[in-house]
Amino acid sequence: MSKEKSEYLINRNDNQYEVVIGLEVHAQVLSQSKLFSTSATKFGAEPNTQVSLVDAAFPGMLPVINEFCVKQAIKTGIGLKAKINKRSVFDRKNYFYADLPQGYQISQFKDPIVGEGKVILDMPDGQKEVGIERLHLEQDAGKSIHDLDPKNTFVDLNRSGVALMEIVSKPDLRSPEEVNAYIKKLRSIMRYLGTCDGNMQEGSLRADVNVSVRKKGTKDFGTRCEIKNVNSIKFMQMAIEYEANRQVDLIEDGQSVDQETRLFDTKKNETRSMRSKEDAHDYRYFPDPDLLPLEVSDEFINQLQSEIPELPDEKKKRFIDQFKLTPYEANIMVSDIETSNYFEDVVKKSDVKLATNWIIGELFAALNEKNLEITDSPISAGNLSKLINLIKDGTISGKIAKTVFEQMMEGDKDPKKIVEEKGLKQESDPKALEALIDKVIDNNRDKATEYKSGKVKLFGFFVGQVMKVSGGKANPQLVNEILKKKL
Amino acid sequence: MSDITKQTLSELVNNIKEKKLSSSEVTQAFVDRSEKSKELNTYITEDFSNALDKAKKFDDNPKLDLKLPGIPMAVKDLFCTANVRTTAGSKILNNFVPTYESTVTQNIWNEGAILIGKLNCDEFAMGSSNETSFFGNVQNPIDKNLVPGGSSGGSSSAVAAQLTPITIGTDTGGSIRQPASFTGTVGLKPTYGSCSRYGIVAFASSLDQAGPMAQNVQDCALLQEVISSYDQKDSTSIDFKRNQYSKELTKDIKGKKIGIPKEYRVDGMPKEIDDLWQKGIEYAKDCGAEIIDISLPHTNYALPTYYIVAPAEASSNLARYDGVKYGFRADGENLIDMYEKTRSEGFGAEVQRRIMIGTYVLSSGYYDAYYLKAQKVRKLIKNDFDEAYKKVDAILTPSTPSSAFKIGEKTNDPVSMYLNDIFTVPVNLAGLPGISIPAGHDSKGYPLGLQIIGKAFDEQNILNIAYAMEEKINFKNKITDWWIK
Chain A
1 MSKEKSEYLI NRNDNQYEVV IGLEVHAQVL SQSKLFSTSA TKFGAEPNTQ
51 VSLVDAAFPG MLPVINEFCV KQAIKTGIGL KAKINKRSVF DRKNYFYADL
101 PQGYQISQFK DPIVGEGKVI LDMPDGQKEV GIERLHLEQD AGKSIHDLDP
151 KNTFVDLNRS GVALMEIVSK PDLRSPEEVN AYIKKLRSIM RYLGTCDGNM
201 QEGSLRADVN VSVRKKGTKD FGTRCEIKNV NSIKFMQMAI EYEANRQVDL
251 IEDGQSVDQE TRLFDTKKNE TRSMRSKEDA HDYRYFPDPD LLPLEVSDEF
301 INQLQSEIPE LPDEKKKRFI DQFKLTPYEA NIMVSDIETS NYFEDVVKKS
351 DVKLATNWII GELFAALNEK NLEITDSPIS AGNLSKLINL IKDGTISGKI
401 AKTVFEQMME GDKDPKKIVE EKGLKQESDP KALEALIDKV IDNNRDKATE
451 YKSGKVKLFG FFVGQVMKVS GGKANPQLVN EILKKKL
Chain B
488 MSDITKQTLS ELVNNIKEKK LSSSEVTQAF VDRSEKSKEL NTYITEDFSN
538 ALDKAKKFDD NPKLDLKLPG IPMAVKDLFC TANVRTTAGS KILNNFVPTY
588 ESTVTQNIWN EGAILIGKLN CDEFAMGSSN ETSFFGNVQN PIDKNLVPGG
638 SSGGSSSAVA AQLTPITIGT DTGGSIRQPA SFTGTVGLKP TYGSCSRYGI
688 VAFASSLDQA GPMAQNVQDC ALLQEVISSY DQKDSTSIDF KRNQYSKELT
738 KDIKGKKIGI PKEYRVDGMP KEIDDLWQKG IEYAKDCGAE IIDISLPHTN
788 YALPTYYIVA PAEASSNLAR YDGVKYGFRA DGENLIDMYE KTRSEGFGAE
838 VQRRIMIGTY VLSSGYYDAY YLKAQKVRKL IKNDFDEAYK KVDAILTPST
888 PSSAFKIGEK TNDPVSMYLN DIFTVPVNLA GLPGISIPAG HDSKGYPLGL
938 QIIGKAFDEQ NILNIAYAME EKINFKNKIT DWWIK
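These protein sequences, in sequence, are chains A and B. Numbering-wise, the first sequence is residues 1 to 487 according to this note's numbering. Numbering-wise, the second sequence is residues 488 to 972 according to this note's numbering.
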């Protein structure tokens, strides 16, 4: 019944409501230059230093498509197992705003570059397939800054013209948890492909969230509201929860949900109306006459196909087959490309089982504590595998290994050196251990007698004493064996 | 050499190459005549002293192997010119000085020509009489208070009045050919994609095309040779093999098949125009061409189609003139108020009319009925030409349904103004090359033009036909210098 348990439903007055969610994710294409100009796209540059005449829409300036961005979009489409459209069309989406220099955004409306695809989510109760409706290329707008001056608005055009991929999901998501999993999976796929860095803090990944509710068991969709431009997974989840409950309250109150665009107020944790359907912009889409339809050949697509790396789903399968990881472990290891690379580097030269446990356990905990990404790990994959080998060959115990690990976290030191320098090598010489054990038994004659008379629980006491006397260095397995004999 | 400004481009080039004339002498002559011709109002921005400096520099170090060595030239003010104000005939760009150069003008300067000024035109090239310019009417040198045509009215007037030996215009629906016809000059609208649109203030992107305007076909061919180039900065530029149009020019058009489309015999067309067309047919026959009757069945729909497609694109292209980044800005209470005031005060009535038409036809609920349908009709019009060109090499029509009219005569009747482009508009919709050559005079002594329409990329062929017919027609423009006191 685990399936029943994880279903996300809203209960009101004996009614159960299901939440239906679709996402329009805006992912910034990882590229050196903009979609239709040669300006740089670096994040955090001084305002208006990455703006060409094209980006600022000077008279007579014309867009020229950046082939690299097209390749990135197609690669992403392949990663989403989607249909690549050999012919796509750029349209103009017309509206006035101070940070939209052309007075229109170049986007793809009727004929996107990528058609239907899918993303597989690993949920606690099994896999879930989320349909992708389409992916299209479009320009980002500039940025209006309203809080620098009481009267004036400042405009930064650095972002104007930067390439975005809008990835539209089908309304297949049913809970905030699924949204979390979906965004993470999408991000992971694009990071594997190198087509988007997925950096939500820098705005490289943001989403419009479409939410509607319906009584459980009904087939028809309810009226949806679109929550614009949410830029973190946490806020998406909060917004969905608030919005779904708001809609349920309306329905339970005998009112209807109006189709509208809403904003999520992160301070008040609520959504509020931005504009109704009646006030919706008429964008007057039409094909951009400055650009010919974008046509790509089979060879072009095949070439890109051949450049696609192993993606999370395939990698997970391989990790399970090749390394005998559990699905849970495999999911963690493939969740992002850096983790999987690190894992594979470690297991190249050391035991898989130990490596898995050490990465998921000690390493992740230590990184978390220091708020570090795996790419910033103070312990290199090479040194972690050396540590694991020291455990495996009995040079040190697991307990000592934790001490060594802590020191490695302070700076990427070779664990062998730490063991040597600090004299942490495990005592595995039976003769030396026998001497130690004799001493311990000698010092605890009374307890030894008790043990012999049947108080077997005292065995642990003796092990503890031996370990203590050895400074933790005694090989626990050998200690066990010898103690048994001696006692 | 007294009558420098009366010389053709080819004569001037030869005289400079043979060092019979210096660039300074030539430039000075055109500057002097321009100074005496202010009443024509052809210039929006004069650049005379810079031009004379450049001419002197040219003479100090003459590069005589160039195609336009030290030749002074004024250009339509729709071409962006680095460090020289570029207005598009509009108040909204009254103070706009580009930092960049259009590809077409750059090609011209690369061949040694010298900018002497920016020529008047209808605001954003929207007009057929040069009366929509923020900078005032342009006089046709043919007669006082006669329009020079439009939108390249400053260009046609300046060439006819010999204020510049040659010039360039832009043609979206007839804006080169109609003013050429009104002023007794030659104007070529090249195949769409032949001349780069980079740096040209856009009116309707899918129709706009720059082209040469000159006193004769030879000069026109030479200038076309200079301005046409494949340009990666314009995604609609086409990489095809371009001829050496002036060198390959020939009067031998024997056996060329020339089509006469019956649909161009429109209702109410003045007899003078019909007669001119008949004469043209005879000239073509005299040159050895074969005349074939053809049909372009969707001709009737061309003008309405054009007046959906062009305003639609314009409404979007002109959105960038919002007072935020450059150009004219009116103060406003807030952003929307500033937009409204800037655009209400910055754009003239005709431009506003077309922005509104364009906005309307693209609006949700109307898009399918207007814009989409117009695109379908546009395809049918192109198909008409494709069919015709299975039988003929070129098509001969009148350039305009009438000769030049008086200033103010049609300003209150936009539809009658739009009808001026009835013969030229289909050519833009089909993306084809078309040339207008002077072919006669009406009863008032005003010039009339004939249009030769070619296959795509077949500029050489229509230039050849024009060249051959030009000799037979032996047209003499009647310029009296009435404006020079």
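Hints were generated in silico from the structure; no laboratory data involved. Ideal Cβ placement from N, Cα and C applies to all residues, glycine included. Wrong hints could be hidden among the right ones.
Unchecked claim - Only part of the chain B face toward chain A is listed, based on derived beta-carbon distances under 8 Å:
| id | residue |
| --- | --- |
| 1 | Asn581 |
| 2 | Asn582 |
| 3 | Phe583 |
| 4 | Phe727 |
| 5 | Gly742 |
| 6 | Lys743 |
| 7 | Glu800 |
| 8 | Gly819 |
| 9 | Ile844 |
Claimed, not checked - Computed footprint of chain B on chain A; a stretch qualifies when at least three of its residues, placed anywhere within it, have a C-beta under 8 Å from a C-beta of chain B:
| id | segment |
| --- | --- |
| 10 | 47-60 |
| 11 | 99-105 |
| 12 | 313-324 |
Hint check results:
For Asn581 (chain B), the shortest C-beta to C-beta distance to chain A is roughly 13 Å, which exceeds 8 Å, and the interface hint is violated. Given the 8 Å rule on beta carbons, the hint for Asn582 (chain B) is violated: about 13 Å separates it from the nearest Cβ of chain A. At a threshold of 8 Å, the smallest CB-CB gap from Phe583 (chain B) to chain A is about 7 Å, leaving the interface hint in force. At a threshold of 8 Å, the smallest CB-CB gap from Phe727 (chain B) to chain A is about 15 Å, leaving the interface hint violated.
Given hint, Gly742 (chain B) at the interface with chain A, is violated; its Cβ is 36 Å from that chain's nearest Cβ, farther than 8 Å. For Lys743 (chain B), the interface hint is violated, since its Cβ never comes within 8 Å of a Cβ in chain A; the closest pair sits about 32 Å apart. With 8 Å as the threshold, the beta carbon of Glu800 (chain B) comes within range of chain A, its nearest partner Cβ sitting at about 5 Å, so the hint holds. The interface hint given for Gly819 (chain B) is violated, since its Cβ lies 12 Å from the closest Cβ of chain A, which is over the 8 Å cut-off.
At about 13 Å, the closest approach between the beta carbon of Ile844 (chain B) and any beta carbon in chain A exceeds 8 Å, and the interface hint on this residue is violated. Given as covered by chain B, the segment 47-60 of chain A passes the check, having 6 residues with a CB less than 8 Å from a CB of that chain where 3 are the minimum. Counting residues of the segment 99-105 of chain A whose C-beta sits closer than 8 Å to any C-beta of chain B gives 4, which meets the bar of three, so the coverage hint holds. Given as covered by chain B, the segment 313-324 of chain A fails the check, having 0 residues with a CB less than 8 Å from a CB of that chain where 3 are the minimum.
In the structure shown, a violation is registered for the earlier hints numbered 1, 2, 4, 5, 6, 8, 9 and 12, in ascending order.
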